[in-house]
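Undergrad: Taken in sequence, the protein lines are chains A and B.
First residue of the first sequence: 218, per the working numbering; consecutive thereafter.
First residue of the second sequence: 313, per the working numbering; consecutive thereafter.
No lab work stands behind these hints: they were computed from the structure.
A portion of the hints provided could be inaccurate.
[Stated by the list, open to error] SDA-like, lysine to any residue: derived pairs with alpha carbons at most 25 Å apart:
1. LYS258(A) with GLY407(B)
2. LYS257(A) with LYS409(B)
3. LYS409(B) with SER315(A)
4. LYS258(A) with GLU353(B)
5. LYS409(B) with GLU270(A)
6. LYS350(B) with GLU270(A)
7. LYS409(B) with ASN275(A)
8. LYS257(A) with PHE281(A)
9. LYS409(B) with GLN382(B)
10. LYS350(B) with ILE324(B)
11. LYS258(A) with GLN383(B)
12. LYS363(B) with THR389(B)
13. LYS363(B) with LYS409(B)
14. LYS258(A) with LYS348(B)
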Amino acid sequence: ETGVTQTPRHLVMGMTNKKSLKCEQHLGHNAMYWYKQSAKKPLELMFVYNFKEQTENNSVPSRFSPECPNSSHLFLHLHTLQPEDSALYLCASSRERSRSYEQYFGPGTRLTVT
Amino acid sequence: SQELEQSPQSLIVQEGKNLTINCTSSKTLYGLYWYKQKYGEGLIFLMMLQKGGEEKSHEKITAKLDEKKQQSSLHITASQPSHAGIYLCGAENQGGKLIFGQGTELSVKP
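The following block holds chain B by itself, in its conformation from the complex:
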């Protein structure tokens, strides 16, 4: 079955620093979603990438999809405490089922 592996599992950065989170699929990606979750709460939709090479930005967050590498990256520029949380990638597998990575927990030190 298809799996999504996120790296790193957790990350602590100083405020103002840039960071990157990766999401790698074990099989072909048919689009990919990025969500953010505050601990114990629901997921907030960030971005959806549907085509290889696609890149989207929302405020200081940029996500890219590399279909050949079966990978997506999420980049945060000049991190702020408000960026702290758990970032999850999700994708539909060949059977159309939505699967998620295990999440990357981000802490931003003021």
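Okay, chain A solo, but in the shape it has when bound:
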């Protein structure tokens, strides 16, 4: 238990569906992150929020839309996904967006796009 929770843990969706992933941290952190982990590939940083402001978008397709209503919650809205988007989506948080602070990860959402 790292203090970062993610729901749902597993999600199967069709290419025309719209769904959302939720992340919540109970650590009092100010930075939150979305990562994508595909088989046989390094972990890929998708989005970064620092003090509720999006500070990084690493060329992520617009079918992924993040939302950070407050420092404790982070969402990833999904629509018209492709099968290649199937992956483990990990949320993380840190005290601030700085290399001085380690990140704490949630358990991930296993997404399958059919």
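Chain B: place on chain A using the hints.
TA: Okay, now just chain B, sitting in the frame of chain A:
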């Protein structure tokens, strides 16, 4: 762009044996993190190394950072089945983006 290369990619050891995992960067390292991941789950933070020559230990796991070699090593002494999992190194590149190695999968045979 900066990359992190981990070696070996996978490792099978007998319980009680020592082992070392390496993480080599293609460019200057500004600190390095080690994480452990059970298959299909989130990453567990192990250690953070910020200065060249720094060495940290947690239980039977020791990590070192060699800035000149742009490399970090993770050493496990007297391995146990509980050490099994995927070990990932991560570092911030010059642009401040956190990047990860591809992971080293460790299996420990009882």
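Undergrad: With reference to the structure, classify each hint as holding or not holding.
TA: Right, here's what the structure says about each hint:
| no. | hint | result |
| --- | --- | --- |
| 1 | LYS258(A) with GLY407(B) | holds, 21 Å |
| 2 | LYS257(A) with LYS409(B) | holds, 21 Å |
| 3 | LYS409(B) with SER315(A) | holds, 10 Å |
| 4 | LYS258(A) with GLU353(B) | holds, 15 Å |
| 5 | LYS409(B) with GLU270(A) | holds, 16 Å |
| 6 | LYS350(B) with GLU270(A) | violated, 31 Å |
| 7 | LYS409(B) with ASN275(A) | holds, 9 Å |
| 8 | LYS257(A) with PHE281(A) | holds, 22 Å |
| 9 | LYS409(B) with GLN382(B) | holds, 17 Å |
| 10 | LYS350(B) with ILE324(B) | holds, 15 Å |
| 11 | LYS258(A) with GLN383(B) | holds, 20 Å |
| 12 | LYS363(B) with THR389(B) | holds, 23 Å |
| 13 | LYS363(B) with LYS409(B) | holds, 18 Å |
| 14 | LYS258(A) with LYS348(B) | holds, 16 Å |
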